[in-house]
Amino acid sequence: MKVIKINKKDWADGINKIQDGYRLFGPVRSEKFHDFKELGKGELPDLNFQNTRLSPKSVVYPQTEILFEYSLDEKEANHHVMRDAAKDYSPKAVLGIRPCDAAAFLLVKRNFDAPDYKDPYWLKSYDASTFIGAACNNPCSTCFCTTAGSGPFNEEGLDILLVDATDCYYAKAITQKGENLLKNAGWNAEAEGGDIEKIDALKKEAEAKITSSVASDQLKNKNTNELYEAAFWEDVSFACINCGTCTYLCPTCWCFDIQDENLGCSGVRMRNWDSCMFPLFTIHGTGHNPRGTKLHRVRQRFMHKLKYYVDKYDNGIQCVGCGRCIRSCPVNIDIRRVCDMMNSYDPKACACSEK
Amino acid sequence: MQNPYMPYPVRIDEIITETEDRNLKTFKFVFLNPDDENKFSYRAGQFAELSVTGKGEIPIGIASSPTEKGFVKFTVNKVGLVSSYLHSMKVGDIMGIRGPLGNSYPWNILEGKNIVIIGGGFAFTTLRSSIIFMLDPANRKKFKDINVIYGARTPGMLLYRDELAAWERRDDIKMHITVDATNDPNWKYNIGFVPAVTEQKAPKADADTYAIICGPPVMIKFTQPVLDKLGYDHDHIIMSLENRMKCGIGMCGRCNIGKEFVCKDGPVFTLSQLNATPREY
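The listed protein sequences correspond, in order, to chains A and B. Sequence positions in the first sequence follow numbering that gives the first Met the number 0 and run 0 to 354. Sequence positions in the second sequence follow numbering that gives the first Met the number 0 and run 0 to 280.
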């Protein structure tokens, strides 16, 4: 597909035109951090960031989403019967998403787009989205995307890869959706031979800056119950306060709760992000809790991402190496260390094998 | 795209208080849209989300049998927010059911086999569904011997007492009803815990005999060694699990045991399958 060269003086004008046909979401700085939000007309995304504090998963999968509405008033027709809530699946453009976060949607899609059941809310919202990725020229020290199935210039899950070459942007259309968006923006100057080399050089430079890594090649061969029983979980979970920050920030965490909320005689059935870090997530009505200790819950998070997901889909780990959970964990739990412990675990070695 | 979160609207047609502590009620539901009954085509061992509008949903095993037409039945223990509210509802009230969900007992494997059903307390609902299904004139010849060991704390805590009595009178099903204790002088069945009665009454293991166990954890804990002693292979011991659930379709992420979801890959597993997963249930 085509590579377009965008003169930075045409940038704002193109953004404006995109907003004629799409709801536009992009990173915006608020206080110390960047986060994604829907941009008003004339508002520009701020691409001067390393990565957003929260992942942009909420653009496709809102933290709270109304599924149904109902009336509890017995005088009304169809009282107590669920009705579909109004939804807006008009086209969305997500500008400035990092390649790791776009790749994360593909991992999450395996959950919501199963052979036997389809989640209509997630899928329609995802299909309505066009992802314009901002290649990372300057990754964070905690990024390990290159060993987690992604990379600073990774194109999987993107419709357009946008490269900031200081004096101009290059926009590589990856899908038809991406090409359409570039057309709508009025960006149409095709890049020339030398430009492509420039992009390649930037890509090599960025990849070389990522020095942090994980080894995950042996996870598939490990025995689930042996990993589950490993002594190191005590050590890994010791400092955890089950705050749920990791699952909240994570672009590949998708767990949710469903709740009814009433106001007077009407109400809504909604779903909200949930977290395996919370005891309420799994507690039975009887009070019995199959994951009753924080060790259970910490282990569930890592076993899900690094073992159950690997076994279930045979397509790598449920992590794209964005490093958010490492940066924001209040007690410095590091998924890279846990992944390496799991990957190198040998139950036959002495119980204190972890270093 | 079919929306798997949308419940079928139903009307409560009948409510039966099952046990002397009044904590278990059977709800018979009729679909508001007759077509929905065909869409809700199920097998014994599956469950559904009962959707109490304004309160939430609870996953409950289907107690009626696919051979019973015109309604579906669920027996619900009064435990939490939704089940307690459901217990206060009346005949004629409107709510929803979503399903059928889960995998059911493995009927393709069970056909042509001896079946030993072992149940305890109120975990007898999908077992009732299975018994009614197997005893249906069109199905009975597909199964060899059927033994049922079912126990509760007292006679008044047994579910479906009229049906139990009717099955006792038949010669094509061997019933072994038991209670932990009773001072009822007219009690004519067994007295003793389910594991002990299993040891006395269950047939010896062979390649053609499958045990289906549903009950409280303590019953399962003490029955399994008995079945081991009788020689049952772990892939001939079939169990139905419960975990906290929301979606019921393998998406919301809470009911997994290892990589298996109790809601979608279960709730029915063989003991050999369970031996290979973390026991988070």
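In case anyone wonders, no lab produced these hints; they're calculated from the structure. Just so you know, not all the hints are guaranteed correct.
[Said to hold, decoys possible] Okay, derived cross-link-like pairs now, PhoX-like style, lysine-lysine, Cα gap no bigger than 20 Å in a straight line: (1) B:K258 with A:K117; (2) A:K36 with A:K117; (3) A:K117 with A:K4; (4) B:K143 with B:K187; (5) A:K74 with A:K36; (6) A:K91 with A:K16; (7) A:K74 with B:K89; (8) A:K117 with B:K38; (9) A:K4 with A:K108; (10) B:K72 with B:K38; (11) B:K200 with A:K311; (12) A:K16 with A:K36; (13) B:K203 with B:K187; (14) A:K123 with A:K74; (15) B:K112 with B:K38; (16) A:K108 with B:K258; (17) A:K36 with A:K8; (18) B:K38 with A:K219.
Hint check:
1. B:K258 with A:K117: holds, 19 Å
2. A:K36 with A:K117: violated, 27 Å
3. A:K117 with A:K4: Roughly 39 Å between the alpha carbons, so the hint for K117 of chain A and K4 of chain A is violated.
4. B:K143 with B:K187: Status violated; Cα separation ~26 Å.
5. A:K74 with A:K36: The given pair, whose Cα atoms are some 41 Å apart, is violated under the 20 Å limit.
6. A:K91 with A:K16: holds, 13 Å
7. A:K74 with B:K89: OK: K74 of chain A and K89 of chain B at ~17 Å, within 20 Å.
8. A:K117 with B:K38: Cα-Cα ~17 Å, so holds.
9. A:K4 with A:K108: Violated - the C-alpha atoms of K108 of chain A and K4 of chain A are around 32 Å apart, more than 20 Å.
10. B:K72 with B:K38: holds, 16 Å
11. B:K200 with A:K311: violated, 41 Å
12. A:K16 with A:K36: Cα-Cα ~18 Å, so holds.
13. B:K203 with B:K187: violated, 25 Å
14. A:K123 with A:K74: The hint is violated at about 34 Å.
15. B:K112 with B:K38: Roughly 30 Å separates the two Cα atoms, so the pair is violated.
16. A:K108 with B:K258: Answer holds: K108 of chain A to K258 of chain B is near 17 Å, not above 20 Å.
17. A:K36 with A:K8: Roughly 24 Å between the alpha carbons, so the hint for K36 of chain A and K8 of chain A is violated.
18. B:K38 with A:K219: violated, 39 Å
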